[in-house]
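S.K.: Listed in order, the protein sequences are those of chains A and B.
Under the working numbering, the first residue of the first sequence carries the number 1, and numbering increases by one thereafter.
Under the working numbering, the first residue of the second sequence carries the number 1001, and numbering increases by one thereafter.
Errors might be hidden in some of the hints.
[What the hints assert, rightly or not] For lysine-lysine, the following BS3-like pairs were computed, each having C-alpha atoms within a straight-line distance of at most 25 Å: (1) A:Lys127 - B:Lys1153; (2) B:Lys1093 - A:Lys127; (3) A:Lys22 - A:Lys153; (4) B:Lys1093 - A:Lys62; (5) B:Lys1127 - A:Lys93; (6) B:Lys1062 - A:Lys10; (7) A:Lys62 - A:Lys288.
[Claimed, not checked] Beta-carbon label-pair distances, calculated as ranges: (8) A:Thr298 - B:Asn1020: 26 to 32 Å; (9) A:Thr298 - B:Pro1047: 58 to 64 Å; (10) B:Asn1020 - A:Glu178: 53 to 59 Å.
Simulated from the structure, these hints should not be mistaken for laboratory data.
Bear in mind that the values here come from a model prediction, so they are computed numbers and not experimental data.
Glycine included, C-beta positions come from ideal geometry on N, C-alpha and C.
Protein chains: 2
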Amino acid sequence: MFQSDSQTLKNFNEIQIIENIKQWLGSTTPPSPIGIGDDCAVVPPEPSAQSLISTDTLVFGKHFDSSITAEQAGRKIVLRNLSDIAAMGGHPKYATLSILSGSNLSFNWLHQFYKGIKASSDTYNLKIVGGDLCQLQDDHFQAVMTIIGRAPKPILRHSASIADSIYVTGQLGGSILEKHYNFQPRLAEGQWLAENNFASAMVDVTDGLAKELNFLTDESASIQIDLKSIPLAQSARTLAEKHSENPIEKALCDGEDYELLFTLKHSIQSAQFEADWKQHFPQTPLTKIGTIIEPNPTANIIDSNSLKPIDGLKSFDHFNHK
Amino acid sequence: MFQSDSQTLKNFNEIQIIENIKQWLGSTTPPSPIGIGDDCAVVPPEPSAQSLISTDTLVFGKHFDSSITAEQAGRKIVLRNLSDIAAMGGHPKYATLSILSGSNLSFNWLHQFYKGIKASSDTYNLKIVGGDLCQLQDDHFQAVMTIIGRAPKPILRHSASIADSIYVTGQLGGSILEKHYNFQPRLAEGQWLAENNFASAMVDVTDGLAKELNFLTDESASIQIDLKSIPLAQSARTLAEKHSENPIEKALCDGEDYELLFTLKHSIQSAQFEADWKQHFPQTPLTKIGTIIEPNPTANIIDSNSLKPIDGLKSFDHFNHK
């Protein structure tokens, strides 16, 4: 990735790098002024939908390392951002991508990185409309993407009501083995939930289920989970076995699942909803893991089997790793 | 800025830092879901204007160092971004701000940084609606801002016509002495130029006049500049004297002037336009520095006095410092 020969960013000027990026992206960056090439990207108004804005970062040595390819790293930053749009029930539209890098970055590595950006953007109809290039010290690489989406009916956090059912898509835990860079953001699922008014609250699971559950409600409600029902990824079992841990703890605390966690309005029949889901998304597992309950004075999240608080769990924290 | 005692980011978790940032910003971050607090910011549609999107970076050790205060650094990243909106004739609306930092960053430094963010955002009616926190190695700090604006009639680059006059606001060169962090983005001026259909092309001068001039036209036109007319900042003279250089070279090549460079449509009377400008912007100097001419086969920019090409100039380049 970083190297001392001549095939690095050091040997290109800014205009050359930008011209190459435009070529690499092809139709993924529309002609200026929508795409790369002016002081700002200029995008048309969309009168009927609210705009969504989110931003996410990819740091070499933190969010990825040399064990994945440049193309996989490029995909990852796009997919991470798309997952935030999915969590609102939105449609991705535009993104800017800032590259901060040491000038000893391999030019070919950057090319491969943009291949991943282009492939994943094309799959989900995202256009790259601008960005920024910035030189860091050698051996450093970071990318920051800001994504703009549209949502006719965005689904917020903290808005679940008592008696709503709690669902999660996919399977949780152990994403470090592969899923953290290789996953499908649940865009179609999120849009379907939003546009049919099924969900009362929704987030994507990026920092571990135990942490994200707290975002479903405000202080007017608490959360009851059936720990045994949590869908465990095979990689959670594999890792738990290796480290003599409980796989449920992996599913609760590991980061980067990129699944949807949402509450179904209690006015909607669970059985009918689950049948509809299976018809629309036969490939996407859906699991009911709990219920929104009256505020619990002792703990915000309790296990429905033991009725004991689920606490002391080590979920991911960005500045304070325990 | 970075320190080893307990008053650093290391001693706060992510939720605590975000809560503090929300307090520091106060009304500058509206209540969620517009402001900080959900997977995405949700902003209302604005059917009558096009959206502008731009992104800019502030790196410790590159765009600022310990010679300016945290508050000045915070102001700088906002003002830099606003200058891009000004260059389109736009109105700033929303921004996301990502902080990438070593965990040994002083908590108080970050507080002061946000004071600068808040003050400059409030002045120009910009709302901070989201962001991201990311841990870097100790002693590193970067901020990335993406700004969203609106423009009923955005002014693009590369769109000047032959016989249009070239104007620049303010005075150029030597910004390193202070102006790079202490300047007024030319928002009102840009909006006035756009909404009255005066300008045919516009950019902001961030990488040196010599480089930015090339962005006014495409290959169907060239540029004639009266080198003697270029408005020199006092700091350009001061620095040139100190280093036995020509102050015009400072004005042509120094970065971070953050002035507007635009072309006046040739259908508009220069004298009347300049009189209107003085009435509207008595505090903002305006100087005619040249004209758009037929394509010149030898060089894209020539001096109207010597009729010789202006070349070999060392303008700022982000990856290839000479």
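S.K.: So which of those numbered hints doesn't the model satisfy?
M.R.: 3, 4, 7, 9, 10
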